[in-house]
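Residue numbers (the numbering used here): 1 to 266.
None of the hints are false.
Label-pair ranges, simulated between beta-carbon atoms:
1) Asn-28 with Ile-56: 17 to 27 Å
2) Glu-145 with Ala-258: 33 to 43 Å
3) Gln-64 with Met-263: 51 to 61 Å
4) Tyr-235 with Asn-28: 44 to 54 Å
5) Tyr-149 with Lys-203: 25 to 35 Å
6) Pro-141 with Lys-185: 14 to 24 Å
7) Leu-121 with Glu-145: 35 to 45 Å
8) Tyr-235 with Met-21: 31 to 41 Å
9) Met-21 with Val-137: 40 to 50 Å
10) Arg-86 with Asn-252: 44 to 54 Å
11) Lys-114 with Met-263: 26 to 36 Å
12) Val-43 with Leu-106: 51 to 61 Å
None of these hints come from the bench; they were simulated from the model.
Owing to the predicted nature of the structure, the values given are computational and were not obtained by experimental measurement.
Just so it is clear, CB atoms sit at the ideal spot from N, CA and C, and this is done for glycine as well.
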Amino acid sequence: MSPLQEELIARKKKLETVIKMARKDLANCPEGKLWVSTTHKAVQYYHHIIEKDRVIHRYLPRDQAELKQSLAQKEYLMQLLKLAERELHDIDSLLSRNSLMRMESLYSEMHPDKKTFVKPLVTNDEEFADYWLRKPVESNPSFPEELKYPTKRGELTRSKSEAMLADMYYELGIPYKYDCGIALKGGAVKYVDFILLDKKKRKEIYHEHLGLLDDSGYRRDNMQKLDLYRRSGIYVGKNLILTHEGAGSPLNIRDIRASVKEMFSL
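Please put together the full structure from these sequences, using the hints given.
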């Protein structure tokens with residue numbers, strides 16, 4: 001399902017709630033309408049009502065404030081209901097058409113070798129993920145001999161923990177890129193353990209796993225790296241996941257998995 005379809009369905013649910021509430025409140029409203037007359041800066045209120053085929057304008061004195069309020073509220077609810085029903089009809093009509101699905105499947109139906117040259121404007125979640133994964137990234141060229149832990153997706157990682165994390169994302173259906181360079185503020189390029197894609201929000205999330213916290217030099221280097229991330233708009237609570245392990249604190253993949261599922265609404 002595309003973001004557009006999700007937005008339409010969310011709007012549809014909101015409209016259905018509004019319509020239900022408006023109809024319920026209208027059932028308790030009095031007959032007639034509220035008329036307002038302004039003469040010489042004096043405002044007078046009238047109850048416009050039809051009784052036995054006769055149109056009656058009954059003056060409403062000050063002590064009829066509750067009736068004035070009810071009639072004014074009724075007018076608002078009737079207009080609200082009319083607009084909500086009209087919009088709901090339009091959304092239902094749009095969702096029932098095949099044009100949305102046709103546009104979103106257009107990219108996936110193209111020749112694979114042509115896809116690399118195309119930047120799709122309308123895609124479903126899976127097509128967007130496919131496009132995102134195809135976008136070239138700069139892999140970390142340092143210490144290639146450390147890449148020796150295989151993942152279920154078929155790549156090699158630098159540690160058993162990173163392989164476990166990669167497999168977790170693979171099993172959850174979260175697209176990821178491993179050990180990629182990202183450009184930070186000031187032009188610096190740093191290599192992040194994982195770049196993740198939230199398909200529903202079309203948003204990139206970064207994941208750094210701090211696997212050697214017992215090493216003071218490692219801690220110092222990563223604290224500096226995290227400071228640079230923060231200055232570049234990457235931080236926990238927004239778009240950064242931090243996990244760690246060290247002596248007495250092994251990787252808890254079960255807890256991480258639960259947190260990731262909640263974060264990605266899985």
